[in-house]
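Visitor: Each chain, letter by letter, is given below.
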Amino acid sequence: MNAMQLDMTAEDEAFRAQARDWLIHNRPTAPAPREGQASRTYATDWLAKCAAAGWSGLAWPKEYGGHGLSPARLLIWYEEYARARAPSPLDCTFVALNHAGPTVFARGTEAQKAFHLPRILDGRSIWCQGFSEPGAGSDLASLKTTGRIEGDHLVVNGQKIWSSYADIADYQELLIRTDPGSKRHKGLSWVICDMTLPGITVRPIRNMAGVTHFAEVFYDDVRIPLDAVVGEVNDGWSVAMTTLAFERRTAAMALQLDLSVKVEELIALARPTPGTATAERLADLRAEAAGVRAMTYRTALRDPDTPFDGSLVRLTFAELAQRIERAAMDVLGPDGLTDSHWTHGYLESYSETIAGGTAEIQRNIIAERILGLPREARL
Amino acid sequence: MSFDLTPGEDLRQILDAAQAMLDSHYPVARLQEGMGGDDLDPLEDFGAFALALPEDAGGAGFSIVEEAHLHVALGRHLVGPGALASAIARRLDAGVTACIGVASNGTWTLVDPEGADHAVIRVDGGFGLSPVTDPKTTAPLGAGLPVAKMARTGTNRPVDADLARLLAAAQLLGVATGARDLAVDYAKIREQFGQPIGTFQAIKHHTANMTLGIEMVSALLDMAAIALCDGHPDAGFQVAALTRLAPRVALDNARTGIQIHGGIGFSAEANAHLFLKQAHVLAQFIGPADLLSLPAPLAPYGDNA
Ligand SMILES: Cc1cc2nc3c(=O)[nH]c(=O)nc-3n(C[C@H](O)[C@H](O)[C@H](O)COP(=O)(O)OP(=O)(O)OC[C@H]3O[C@@H](n4cnc5c(N)ncnc54)[C@H](O)[C@@H]3O)c2cc1C
Numbered sequence: 043m044n045a046m047q048l049d050m051t052a053e054d055e056a057f058r059a060q061a062r063d064w065l066i067h068n069r070p071t072a073p074a075p076r077e078g079q080a081s082r083t084y085a086t087d088w089l090a091k092c093a094a095a096g097w098s099g100l101a102w103p104k105e106y107g108g109h110g111l112s113p114a115r116l117l118i119w120y121e122e123y124a125r126a127r128a129p130s131p132l133d134c135t136f137v138a139l140n141h142a143g144p145t146v147f148a149r150g151t152e153a154q155k156a157f158h159l160p161r162i163l164d165g166r167s168i169w170c171q172g173f174s175e176p177g178a179g180s181d182l183a184s185l186k187t188t189g190r191i192e193g194d195h196l197v198v199n200g201q202k203i204w205s206s207y208a209d210i211a212d213y214q215e216l217l218i219r220t221d222p223g224s225k226r227h228k229g230l231s232w233v234i235c236d237m238t239l240p241g242i243t244v245r246p247i248r249n250m251a252g253v254t255h256f257a258e259v260f261y262d263d264v265r266i267p268l269d270a271v272v273g274e275v276n277d278g279w280s281v282a283m284t285t286l287a288f289e290r291r292t293a294a295m296a297l298q299l300d301l302s303v304k305v306e307e308l309i310a311l312a313r314p315t316p317g318t319a320t321a322e323r324l325a326d327l328r329a330e331a332a333g334v335r336a337m338t339y340r341t342a343l344r345d346p347d348t349p350f351d352g353s354l355v356r357l358t359f360a361e362l363a364q365r366i367e368r369a370a371m372d373v374l375g376p377d378g379l380t381d382s383h384w385t386h387g388y389l390e391s392y393s394e395t396i397a398g399g400t401a402e403i404q405r406n407i408i409a410e411r412i413l414g415l416p417r418e419a420r421l
Numbered sequence: 030m031s032f033d034l035t036p037g038e039d040l041r042q043i044l045d046a047a048q049a050m051l052d053s054h055y056p057v058a059r060l061q062e063g064m065g066g067d068d069l070d071p072l073e074d075f076g077a078f079a080l081a082l083p084e085d086a087g088g089a090g091f092s093i094v095e096e097a098h099l100h101v102a103l104g105r106h107l108v109g110p111g112a113l114a115s116a117i118a119r120r121l122d123a124g125v126t127a128c129i130g131v132a133s134n135g136t137w138t139l140v141d142p143e144g145a146d147h148a149v150i151r152v153d154g155g156f157g158l159s160p161v162t163d164p165k166t167t168a169p170l171g172a173g174l175p176v177a178k179m180a181r182t183g184t185n186r187p188v189d190a191d192l193a194r195l196l197a198a199a200q201l202l203g204v205a206t207g208a209r210d211l212a213v214d215y216a217k218i219r220e221q222f223g224q225p226i227g228t229f230q231a232i233k234h235h236t237a238n239m240t241l242g243i244e245m246v247s248a249l250l251d252m253a254a255i256a257l258c259d260g261h262p263d264a265g266f267q268v269a270a271l272t273r274l275a276p277r278v279a280l281d282n283a284r285t286g287i288q289i290h291g292g293i294g295f296s297a298e299a300n301a302h303l304f305l306k307q308a309h310v311l312a313q314f315i316g317p318a319d320l321l322s323l324p325a326p327l328a329p330y331g332d333n334a
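These protein sequences, in sequence, are chains A and B.
For this note's numbering, add 42 to where a residue sits in the first sequence, where the first one is 1.
For this note's numbering, add 29 to where a residue sits in the second sequence, where the first one is 1.
Looking at chain A on its own, in the form it has when it is part of the complex (with noise of 0.2 Å):
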């Protein structure tokens, strides 16, 4: 009687047992790399292998070379990824396949979706990111760099930090300010930067789990072609986001589901005695997680026009990933002393709370747009 369902019918009883089938016989035993040149080989050929037997661009319009996969089919296959334990979703591949690839399919000229897309989908070309400057991070509308029209090019000038996989990526989406004498999100322009173009320097930065992850990117002179535009010159605030939706709707969507099948695997790890403190908090971690797919499930799959904002899966997700390697290290004891999987991914994990906006920007918006509180003022 009820709308609400969650039933599977035999063909995506049929697709499940496919994507198990596939992943479990086809995903790679050996350990990710963590950086460099090695880091990206391991992603793109586990790309390439997923893009061979049609397993790449699920969540991309057919008309695009991808698969159009409804919500329910990705919320299987990423439900079966996490399960058998396939690669991070989180690797070098992830900008150009979740943010750069839906940007120009949204917004793109037919050249560039012609050329960049095929390349994106089976591993050929890495994208990074430059939005954050040294001076614009939670605050990005502040950003400085520029990029000043000079006949069919745009000369651009300044800096980036933050850019991940910059040192191994072959494209950057580059949010940059074409309008000189604009202020905040107006004057703006998404770029396709090419990373080999003469005038780049990138600098690698180590991260604090040992892993040169992220960049500084300079800019000196760097002469772009203006048709290397996405959407309008002056209009990049609107193309830069235009994929939210896309992103918190299906990328975060395997990162989310991942969490349920780390929780168990913890649980396995620790095997508490019931009645513990242990157990007790393994129980609450399980309880949590158990809530964040329930929370992945209603955002992929509510009626499209039902009113929706990701902050807050994203958050729940993020401080939850963080509670669940903490709750790893207290399992591994003096263990946490040494390298391994366990204790790298709860390095990693102060991220969650700081990239793609702070914990504290996303209460903030929590706040101002879905409980309507008074906005702060902002310069």
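If you're looking for bench data, these hints aren't it; they were derived computationally from the structure.
A portion of the hints provided could be inaccurate.
Cβ-to-Cβ under 10 Å is the rule here; a few derived chain B residues that face chain A [to be verified]:
| id | residue |
| --- | --- |
| 1 | Pro-187 |
| 2 | Phe-222 |
| 3 | Ala-253 |
| 4 | Leu-321 |
Here are the simulated DSBU-like cross-link-like pairs (lysine-lysine), alpha carbons at most 35 Å apart as the crow flies [as the list claims (entries may be wrong)]:
| id | chain 1 | residue 1 | chain 2 | residue 2 |
| --- | --- | --- | --- | --- |
| 5 | B | Lys-217 | A | Lys-228 |
| 6 | B | Lys-178 | B | Lys-165 |
| 7 | A | Lys-186 | A | Lys-225 |
| 8 | A | Lys-228 | A | Lys-186 |
| 9 | A | Lys-104 | A | Lys-225 |
| 10 | A | Lys-225 | B | Lys-217 |
Note that beta-carbon positions come from the ideal geometry of N, C-alpha and C, so glycine has one too.
Keeping the supplied structure of chain A fixed, place chain B with the ligand upon it in accordance with the hints.
Guide: Showing chain B with the ligand alone in chain A's frame:
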């Protein structure tokens, strides 16, 4: 569609009608006269206790999913726990008037038992329906719901524990939501330092935290209700997860709601404390759940899969 979590039109209509009934008969302000002794006739007339009963049993033929959402609305209005007890008890016996209770060391603590001939009792690891005999009134927590103690009796008809927990969790979600809404409304009108207190991030972040808890419990409530309704194998797991989270979120939100009100939040005059007291009652009723003993729906396949 087989996989869809968009609330249906039926549900919206039931909730709109319920809201009108609750606004006229159960405004939270009624509790300024004291908690307890809610007249349940308007709910009876609304069909609240027969919503999910089959039509040939005098019910409306809706499912536990709609019923759970109705109980969220009841929770927001802090409707007396007799409504929860009735919804559960009527499935076993159409003739009873029930209250809720909790067993401990041979004594049963009954909540708001006035007029009840039966109690839905949480006993070790489960729930049962028993006749009420000779309850002795004792002083309640603060000016909260009336309580009475009685010696345990032998007769105890088993009650579906997952159903009892689901509806109690729905009410806890309602309490959590009501506490948040009251606090957010207050944060918009109370001014200090020349501006609404809702401008301050410390207050904003409190309200955001309340909202995160609500969203998680509410999404899990849908999962659990659908699983129970359609007999999915993970129903017990989902209900157990919900049972762990719902009381915590309700108590946290009630606590934060009081804090956001400042001094008036500590007064008996403001409504903030009523949410706290209702949350404690429902948290005692829902009790613990042994989540770790249940198989998880998303376990890893392992190396030899
Ligand atoms: C692992 C990782 C990968 C990243 N990858 C990329 C990438 O690929 N491309 C890219 O462009 N960027 C990337 N970033 C950058 C990321 O987007 C920024 O770090 C983030 O937006 C925060 O900006 P910030 O570091 O300048 O911190 P700041 O904005 O300086 O914040 C410092 C502290 O102040 C708080 N704060 C700031 N403003 C407010 C406010 N209004 N209210 C309350 N508190 C506030 C913050 O919450 C934080 O705690 C990455 C970051 C990390 C950690």
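Visitor: All the hints need checking, so say for each whether the structure fits it.
Guide: Going down the list of hints, with the structure as the test:
Contact between B/Pro-187 and chain A, as hinted, is not supported at the beta carbon level, the nearest pair being about 24 Å apart and thus beyond 10 Å. Interface restraint check for B/Phe-222: the shortest CB-CB distance to chain A comes to about 13 Å, outside 10 Å, so the restraint is violated. Interface restraint check for B/Ala-253: the shortest CB-CB distance to chain A comes to about 8 Å, inside 10 Å, so the restraint holds. Taking 10 Å as the C-beta contact cut-off toward chain A, the hint placing B/Leu-321 at the interface holds, the least distance being around 5 Å.
Restraint check: the Cα-Cα separation between B/Lys-217 and A/Lys-228 comes to about 30 Å, which is no more than 35 Å; the hinted pair holds. The suggested pairing of B/Lys-178 with B/Lys-165 holds, with an alpha-carbon distance near 5 Å, which does not exceed 35 Å. For the hint linking A/Lys-186 to A/Lys-225, the alpha-carbon distance of about 10 Å falls within 35 Å, and the restraint holds. Of the pairs offered as hints, the one joining A/Lys-228 and A/Lys-186 holds, with about 12 Å between alpha carbons and a cut-off of 35 Å not exceeded.
Simply put, A/Lys-104 and A/Lys-225 have alpha-carbon atoms about 38 Å apart, too far for the 35 Å limit, and the pair is violated. Between A/Lys-225 and B/Lys-217 the alpha-carbon distance is near 30 Å, which keeps this suggested pair within the 35 Å criterion.
When each numbered hint is compared with the structure, violations occur for hints 1, 2, 9.
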